[in-house]
Amino acid sequence: MSNRLTKMSFSTIMLWAGMFFLYVPMFILVFYSFNESKLVTVWGGFSPKWYGELFRDQQILDAVWTSLRVAFFASTMAVILGTMAAFVMTRFKRSWGKMTLSNMITAPLVMPEVITGLSLLLLFVHMADLFGWPAERGMLTVWIAHSTFCSAYVAVVVSARLRELDRSIEEAAQDLGATPLKTFFYITVPMITPSLLAGWLLSFSLSLDDLVIASFASGPGATTLPMVVFSSVRMGVSPKINALATLIILTVSLIAFISWYFARRSDKKSLVPAM
Amino acid sequence: MKKPLTFKLPKGQCWTIGVPYFWLLLFFVLPFVIVLKISLSTAAISIPPYDSLVSYADESLNILLNLGNYLLVFDDSLYLYAYLGSLKMACITTIGCLLIGYPMAYAIARAPKEKQTLLILLVMLPSWTSFLIRVYAWMGILSNNGVINNVLMWLGVISEPIQMLNTNFAVYIGIIYTYLPFMILPLYATLSQLDVSLLEAASDLGSRSLNTFWKVTLPLSKGGVIAGSMLVFIPVVGEFVIPELLGGPDSLMIGKVLWQEFFNNRDWPVASALAIVMLGLLIIPITLFHRYQSRSMEKDA
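Protein chains in written order, with numbering that gives the first Met the number 0: chain A, 0 to 274; chain B, 0 to 300.
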């Protein structure tokens, strides 16, 4: 028995060491965002001045607005596509179409980003060549690219929920004469709302975060936030980026803990383990 | 158990399957066909910067397939080293993530039920913030006047800063740091499903805990190990941001080379050939992951 205890404690020690490893860099980032000095890692006294600088940087503000719009529309589209695909995979009979769809939907999950980005850019260039659309790469093309890879994540999250759902309720509705469409919107959707929300939030954060695919798919018309951050970070560390990072970390943690809290209250099978 | 494949579906089902199907065909499958096509074309100084494969002149249809890009990719040692560098980087970081992630996932799966969700939330939280910012955090920690060097010099352990940023070491740390949550999640998913009575049975029958771990726990969590490893290995092979920001001139990785060919040299055909060869290298891990993923998605409750 003592052996088992030592192993338990080994994995517990690893857990806390791992958490330390995951969180210390973020705390350091937040800490130095309040640094007076322009040299990020040399402490020059407490000052919130970089937050002021951040809110006066028009380029960053524009990029934030672009990114938020792209992320909003892309995650909405991804939820629609991903839910349809998840529904096909969990409810449809085995067919040729279902098999190829399930092969296609999970593929973007592990495709290296440079390949996805490159291939989409070449597609857009070709389409512009052949039909003159899209005439210019910008928000629309980034939206298409993000909707495509986010729908894979939504499909994983939503199909996990659809699979464990009690199907007899849907069957009862259909036995009582509801059309499949009506059953879906009145019975299925209310039951899977938490996972739809989780899928949407996940897509939103993935889209906000994506640099590589957006760099390929975007044109001069649209610069997303990661593109601005990347070109600034390439030149070296800057306290303004620390301030931005702090705000992002704060927002994400807040949303995550709020959804965790509500998920725990409303539904024991919470949103979180669904990736 | 194979049921015959059906081709005819009711109208509503056709729409449900048709919309995502068409979207993915257009925006995921077709682009790969185009990459393949461009990889066989010749670079040219024009917009777009390549010649078309098919031309029609003097009543003859000419199809010109240029294998030169592939010959160049296999011939030039720069590309070879970049592929090898990426594969080595991916192998080492996958093992690193597994060694750190497995005990963490195990500890979470053994924690009290009500604590598990919170712990998984804490593990996943960094990955929802921003990939770029997590890599950026390490720039401030590892640089010559960064946190580690400052602390070590203040303690008097070293008198000169150690060069850590822009080395392979920094790339290893950065990759393990950013990909660790993707390893832990699938491992946790399988370990939490593990039937505890099997472990108790093993221990009742006199198996020591390490023995039980090797013979019961590890084989039963094989699916999670494969999924987690592939979720780390495959994207790392194509990784661009981390070697670009944390690596130096000697951290040669194929994602970075592809990016440079495309954006800096504007050689689209060679970039496409690099992408096709990378896909070829990854086809086995992708299939492995895929089989695991679609099995777990189609499995009925």
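Hints were generated in silico from the structure; no laboratory data involved. Do not rely on the hints blindly, as some may be mistaken.
Pairwise CB distance ranges, derived in the manner of DEER restraints [to be verified]:
1) B:Gly-279 to A:Leu-196: 35 to 41 Å
2) A:Thr-99 to B:Val-156: 39 to 45 Å
3) B:Ile-94 to A:Ile-168: 43 to 49 Å
4) B:Leu-77 to A:Phe-30: 37 to 43 Å
5) A:Ile-12 to B:Asp-194: 39 to 45 Å
6) A:Asp-174 to B:Gln-192: 57 to 63 Å
With a straight-line Cα cutoff of 25 Å, these simulated DMTMM-like cross-link-like pairs (lysine to aspartate or glutamate) come out [to be verified]:
7) B:Lys-214 to B:Asp-203
8) A:Lys-181 to A:Glu-169
9) B:Lys-114 to A:Glu-163
10) B:Lys-36 to A:Glu-135
11) B:Lys-10 to A:Glu-52
12) B:Lys-221 to A:Glu-163
13) A:Lys-92 to A:Glu-169
So, partial list: chain B residues that the calculated Cβ filter (under 8 Å) puts toward chain A [what the hints assert, rightly or not]:
14) Leu-52
15) Gly-95
16) Ile-99
17) Ile-107
18) Thr-116
19) Trp-213
20) Thr-216
21) Leu-217
22) Phe-239
Source: prediction; values computed, not measured. In this text, a Cβ means the ideal position worked out from N, Cα and C, and glycines have one as well.
Each hint tested on the structure:
no. : hint                               : verdict
1   : B:Gly-279 to A:Leu-196: 35 to 41 Å : holds, 39 Å
2   : A:Thr-99 to B:Val-156: 39 to 45 Å  : violated, 59 Å
3   : B:Ile-94 to A:Ile-168: 43 to 49 Å  : holds, 46 Å
4   : B:Leu-77 to A:Phe-30: 37 to 43 Å   : holds, 41 Å
5   : A:Ile-12 to B:Asp-194: 39 to 45 Å  : violated, 25 Å
6   : A:Asp-174 to B:Gln-192: 57 to 63 Å : violated, 33 Å
7   : B:Lys-214 to B:Asp-203             : holds, 15 Å
8   : A:Lys-181 to A:Glu-169             : holds, 10 Å
9   : B:Lys-114 to A:Glu-163             : holds, 22 Å
10  : B:Lys-36 to A:Glu-135              : holds, 22 Å
11  : B:Lys-10 to A:Glu-52               : violated, 57 Å
12  : B:Lys-221 to A:Glu-163             : holds, 23 Å
13  : A:Lys-92 to A:Glu-169              : holds, 16 Å
14  : Leu-52                             : violated, 12 Å
15  : Gly-95                             : violated, 11 Å
16  : Ile-99                             : holds, 6 Å
17  : Ile-107                            : holds, 7 Å
18  : Thr-116                            : holds, 5 Å
19  : Trp-213                            : violated, 12 Å
20  : Thr-216                            : violated, 10 Å
21  : Leu-217                            : violated, 13 Å
22  : Phe-239                            : holds, 6 Å
When held up to the earlier numbered hints, the structure conflicts with 2, 5, 6, 11, 14, 15, 19, 20 and 21 and fits the remainder.
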